[in-house]
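Trainee: Make the full structure from the sequences, and use the hints.
There are 2 protein chains.
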Amino acid sequence: MGIGAMSMPHLTQGGGLQFHNSESPKVLFFDVNETLLDLTAMRESVGKVLGGREDLLPLWFTTMLQYSLVMTAGRQYEDFGIIGAATLQMVAANNGINLDEKSAKDAIVGPLRSLPPHPEVRDSLKNLKDAGYKMVSFTNSSNQGVKTQFENAGLLEFFDERLSVEDIGKYKPDADAYDWAARKMKVKKEECMLVAAHGWDIAGALWAGWRGAFISRPGAQLFPLAPKPELAEINLSLISEKLIALK
Amino acid sequence: MGIGAMSMPHLTQGGGLQFHNSESPKVLFFDVNETLLDLTAMRESVGKVLGGREDLLPLWFTTMLQYSLVMTAGRQYEDFGIIGAATLQMVAANNGINLDEKSAKDAIVGPLRSLPPHPEVRDSLKNLKDAGYKMVSFTNSSNQGVKTQFENAGLLEFFDERLSVEDIGKYKPDADAYDWAARKMKVKKEECMLVAAHGWDIAGALWAGWRGAFISRPGAQLFPLAPKPELAEINLSLISEKLIALK
Numbered sequence: 015m016g017i018g019a020m021s022m023p024h025l026t027q028g029g030g031l032q033f034h035n036s037e038s039p040k041v042l043f044f045d046v047n048e049t050l051l052d053l054t055a056m057r058e059s060v061g062k063v064l065g066g067r068e069d070l071l072p073l074w075f076t077t078m079l080q081y082s083l084v085m086t087a088g089r090q091y092e093d094f095g096i097i098g099a100a101t102l103q104m105v106a107a108n109n110g111i112n113l114d115e116k117s118a119k120d121a122i123v124g125p126l127r128s129l130p131p132h133p134e135v136r137d138s139l140k141n142l143k144d145a146g147y148k149m150v151s152f153t154n155s156s157n158q159g160v161k162t163q164f165e166n167a168g169l170l171e172f173f174d175e176r177l178s179v180e181d182i183g184k185y186k187p188d189a190d191a192y193d194w195a196a197r198k199m200k201v202k203k204e205e206c207m208l209v210a211a212h213g214w215d216i217a218g219a220l221w222a223g224w225r226g227a228f229i230s231r232p233g234a235q236l237f238p239l240a241p242k243p244e245l246a247e248i249n250l251s252l253i254s255e256k257l258i259a260l261k
Numbered sequence: 015m016g017i018g019a020m021s022m023p024h025l026t027q028g029g030g031l032q033f034h035n036s037e038s039p040k041v042l043f044f045d046v047n048e049t050l051l052d053l054t055a056m057r058e059s060v061g062k063v064l065g066g067r068e069d070l071l072p073l074w075f076t077t078m079l080q081y082s083l084v085m086t087a088g089r090q091y092e093d094f095g096i097i098g099a100a101t102l103q104m105v106a107a108n109n110g111i112n113l114d115e116k117s118a119k120d121a122i123v124g125p126l127r128s129l130p131p132h133p134e135v136r137d138s139l140k141n142l143k144d145a146g147y148k149m150v151s152f153t154n155s156s157n158q159g160v161k162t163q164f165e166n167a168g169l170l171e172f173f174d175e176r177l178s179v180e181d182i183g184k185y186k187p188d189a190d191a192y193d194w195a196a197r198k199m200k201v202k203k204e205e206c207m208l209v210a211a212h213g214w215d216i217a218g219a220l221w222a223g224w225r226g227a228f229i230s231r232p233g234a235q236l237f238p239l240a241p242k243p244e245l246a247e248i249n250l251s252l253i254s255e256k257l258i259a260l261k
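Chain order of the listed sequences is A and B. When we follow our numbering, the leftmost residue of the first sequence carries the number 15, and every step to the right adds one. When we follow our numbering, the leftmost residue of the second sequence carries the number 15, and every step to the right adds one.
Worth flagging that the hints you see were computed from the coordinates, not collected in a lab. We put the beta carbon where it would ideally sit given N, CA and C, even for glycine. Certain hints may be false.
[Said to hold, decoys possible] Label-pair distances were calculated between CB atoms; the ranges are:
{"no.": "1", "chain 1": "A", "residue 1": "N166", "chain 2": "B", "residue 2": "A55", "range": "43 to 51 Å"}
{"no.": "2", "chain 1": "A", "residue 1": "N112", "chain 2": "B", "residue 2": "E134", "range": "26 to 34 Å"}
{"no.": "3", "chain 1": "B", "residue 1": "M149", "chain 2": "A", "residue 2": "R57", "range": "43 to 51 Å"}
{"no.": "4", "chain 1": "A", "residue 1": "R57", "chain 2": "B", "residue 2": "G110", "range": "15 to 23 Å"}
{"no.": "5", "chain 1": "B", "residue 1": "E204", "chain 2": "A", "residue 2": "Q90", "range": "16 to 24 Å"}
{"no.": "6", "chain 1": "A", "residue 1": "K200", "chain 2": "B", "residue 2": "G124", "range": "33 to 41 Å"}
{"no.": "7", "chain 1": "B", "residue 1": "G110", "chain 2": "A", "residue 2": "E204", "range": "30 to 38 Å"}
{"no.": "8", "chain 1": "A", "residue 1": "S36", "chain 2": "B", "residue 2": "E204", "range": "22 to 30 Å"}
{"no.": "9", "chain 1": "B", "residue 1": "R57", "chain 2": "A", "residue 2": "P232", "range": "46 to 54 Å"}
{"no.": "10", "chain 1": "B", "residue 1": "D193", "chain 2": "A", "residue 2": "E175", "range": "33 to 41 Å"}
{"no.": "11", "chain 1": "A", "residue 1": "E255", "chain 2": "B", "residue 2": "R197", "range": "27 to 35 Å"}
{"no.": "12", "chain 1": "A", "residue 1": "P241", "chain 2": "B", "residue 2": "R57", "range": "29 to 37 Å"}
{"no.": "13", "chain 1": "B", "residue 1": "S59", "chain 2": "A", "residue 2": "R57", "range": "48 to 56 Å"}
{"no.": "14", "chain 1": "A", "residue 1": "S117", "chain 2": "B", "residue 2": "S59", "range": "34 to 42 Å"}
[To be verified] In silico lysine to any residue, SDA-like type, Cα no more than 25 Å apart, as pairs:
{"no.": "15", "chain 1": "B", "residue 1": "K62", "chain 2": "A", "residue 2": "K203"}
{"no.": "16", "chain 1": "A", "residue 1": "K203", "chain 2": "B", "residue 2": "K148"}
{"no.": "17", "chain 1": "B", "residue 1": "K202", "chain 2": "A", "residue 2": "Q90"}
{"no.": "18", "chain 1": "A", "residue 1": "K242", "chain 2": "B", "residue 2": "Q90"}
{"no.": "19", "chain 1": "B", "residue 1": "K119", "chain 2": "A", "residue 2": "P72"}
{"no.": "20", "chain 1": "A", "residue 1": "K62", "chain 2": "B", "residue 2": "D69"}
{"no.": "21", "chain 1": "A", "residue 1": "K62", "chain 2": "B", "residue 2": "E92"}
{"no.": "22", "chain 1": "A", "residue 1": "K242", "chain 2": "B", "residue 2": "G95"}
{"no.": "23", "chain 1": "B", "residue 1": "K148", "chain 2": "B", "residue 2": "D137"}
{"no.": "24", "chain 1": "B", "residue 1": "K62", "chain 2": "A", "residue 2": "D69"}
{"no.": "25", "chain 1": "A", "residue 1": "K203", "chain 2": "B", "residue 2": "Y91"}
{"no.": "26", "chain 1": "A", "residue 1": "K116", "chain 2": "B", "residue 2": "K148"}
{"no.": "27", "chain 1": "A", "residue 1": "K242", "chain 2": "B", "residue 2": "E92"}
{"no.": "28", "chain 1": "A", "residue 1": "K200", "chain 2": "A", "residue 2": "I182"}
{"no.": "29", "chain 1": "B", "residue 1": "K116", "chain 2": "A", "residue 2": "P241"}
{"no.": "30", "chain 1": "A", "residue 1": "K62", "chain 2": "B", "residue 2": "S156"}
{"no.": "31", "chain 1": "B", "residue 1": "K242", "chain 2": "A", "residue 2": "K62"}
{"no.": "32", "chain 1": "A", "residue 1": "K242", "chain 2": "B", "residue 2": "L53"}
{"no.": "33", "chain 1": "A", "residue 1": "K119", "chain 2": "A", "residue 2": "Y91"}
{"no.": "34", "chain 1": "B", "residue 1": "K242", "chain 2": "A", "residue 2": "N109"}
{"no.": "35", "chain 1": "A", "residue 1": "K116", "chain 2": "B", "residue 2": "P241"}
{"no.": "36", "chain 1": "A", "residue 1": "K203", "chain 2": "B", "residue 2": "L239"}
{"no.": "37", "chain 1": "A", "residue 1": "K62", "chain 2": "B", "residue 2": "R89"}
{"no.": "38", "chain 1": "A", "residue 1": "K242", "chain 2": "B", "residue 2": "N108"}
Mentor: Put into C-alpha cells, the structure is as follows:
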C-alpha cells in the first residue's frame, strides 16, 4: 500500500497546503476507526474466517462503508458492527467461503472494540489537549462501542465529549451528521475541524462547511472530486504540531 | 465467485419465495449495469491500467458505488463515469500503481458505454414486452450514457422510458430516487417492481415500498439486513417466466 508522495499526487511537493485562515478551530472532531485506532489488528481475525484471505480485508471494509450509506440512503439504521458482520458474510459468499452470522460477528465485534491506538496517537492527543483544544470524538461506531474502544485503548481521558452517529441515525458522511455534531457542540460549522484518515469523511466535512485535517495512513486516499483539506500529513503527530502552532 | 445455493443461504431450497401478491406489477424498472449489461467486459481495460491486477476489480467497483453514495450523502453530484475514474485512481494509488486522470477515464468511460448484454437479456426483455409489461430502465448511469449503452447493446427498443438518477441528482439506493421514479411513471410505489443484480438496489427499492426481483449473478449478494424480495433467480430468463405467468 502506497503512502507519501505517490498516494497523494494532488498535494504540492513539500506539503504546500495552506490554512484557510490562521485562527485555531474552536472544536477538533476526531474520527475513531483507522484515524486513532489501528484497524490492521482486525486483519488476523477477519482473515481467519475468510479462510486466510487477508487480501479481502480492503474489499470487506469498503463494502461495510458502502452498506452503512446504503442504510442511511434508504432511511434505515443498524449498528456499525452488525453491518460489518453482514457485509463480511456477503464478501465471503462472493468468494466461495461459507460463513455463518455468529462467526462473522465474532470476527468483527470483539476485535473492533479492542483495537490498539496508532503509536503516535496518545502523545499527540495529550499535546493537543494541553494546548487548550476542545476535543470531541465523532464516529460511526455506536455509543457503547466507542466507549469500550476508548477504555481498551486508554484514550477515554482526552475527549470532552463522545459523539456517535447512533444518536442521529445517519452515517457519516451524510451532511446531516456533521450539522448535528456542530449543533451538539454549540459551534458554527466554520469553527469545526474534522481530523480523519478517510477521504470520504474529509469530503463530507468540507462539503458541510467544516475545516479538515487528513491523516494519509496506508490505504487512505483523499477523494479527487472533493475540495482539498488545509492539512494533510502522514500521522497525527505532524498534524498536532501544526494545530498547536495556531494556538 | 459463488452463485446458486451457496451464495444465497437465506433462500429456501427450491426457490421457495412467494409473490407478495398475485397481481402483476404495473411497471417493471430495470437496473442496467450488471443487471442487463455484462460488466466483466470491463475487466480487461481496468485490469490493464491496474498493471494486470484484475483481482482489484471488485474493490474498485465497490469503491465507486461507495463514493457515489458519499456524494449523495454530501449533497453533491457528479457523473457516474467520473466517479468511476476518480475511485479507480484511489484504488490504484493504494496499491502502488501510478494512474493519471486521463488513463483512468479512458479505461472506464469507453468500455462502460459498450458493454454487451448478458446472453439471456434480449430474449427475456422481448418476452416481457410481448406479454404486455410496461418497461423502464432506471440507472445510475447518465442519460446520455445509458442511451449510448442501449444503442451499443441493441436494447433501446425494449423500453418505454429511460430514467437516470442524473435528473434527480441522487444516486440509488437513496429513497428519494425510487420515489421520484415512481412519480415520473405516474404509478404508486406498490405498483413498481425493480429488477436488479445488486443487493443494495433491491434493498433500497423494498425500503421505498417497491416490489423486487433479484438476479443473483456471480458476485451479487442480497443484503442480509434488508427484507427479501419476492423473486430471486440466477438470470433474467427465469425471472421473466415467473412475471409472465402473472399476466
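Trainee: Starting from K242/B, check that the Cα of K62/A is at most 25 Å away, please.
Mentor: 29 Å, violated
Trainee: Given the hint that K119/A pairs with Y91/A, test it: the Cα-Cα distance must not exceed 25 Å.
Mentor: 17 Å, holds
Trainee: Given the hinted pair K62/A and R89/B, is their Cα-Cα distance within 25 Å?
Mentor: Given pair K62/A, R89/B is violated - Cα atoms ~38 Å apart, limit 25 Å.
Trainee: Verify the proposed pairing of K116/B with P241/A, using a straight-line Cα cut of 25 Å.
Mentor: The given pair, whose Cα atoms are some 20 Å apart, holds under the 25 Å limit.
Trainee: Could you see if the CB distance from S117/A to S59/B stays within 34 to 42 Å?
Mentor: With Cβ atoms ~37 Å apart, the hint holds.
Trainee: Within 43 to 51 Å: is that where the Cβ-Cβ distance between M149/B and R57/A falls?
Mentor: 46 Å, holds
Trainee: Quick check on a hinted range of 15 to 23 Å for R57/A and G110/B, using CB atoms only.
Mentor: The hint (15 to 23 Å, Cβ to Cβ) holds, given that R57/A and G110/B are roughly 18 Å apart.
Trainee: Range first: 16 to 24 Å. Now tell me if the beta carbons of E204/B and Q90/A are that far apart.
Mentor: This hint holds: roughly 19 Å between Cβ atoms.
Trainee: Assess, step by step, whether the Cα of K203/A is no farther than 25 Å from the Cα of Y91/B, and give holds or violated.
Mentor: Cα-Cα ~22 Å, so holds.
Trainee: Would you check the hint for K119/B and P72/A, treating anything up to 25 Å between C-alpha atoms as holding?
Mentor: Measuring from Cα to Cα gives roughly 23 Å; hence the hint holds.
Trainee: Quick one, are K242/A and Q90/B close enough, alpha carbons at most 25 Å?
Mentor: 15 Å, holds
Trainee: Below or equal to 25 Å on CA atoms is what counts here, so check K116/A against K148/B.
Mentor: 43 Å, violated
In this structure, the earlier hints numbered 6, 8, 9, 11, 13, 15, 16, 21, 26, 30, 31, 32, 36, 37 are contradicted, and the remaining ones agree with it.
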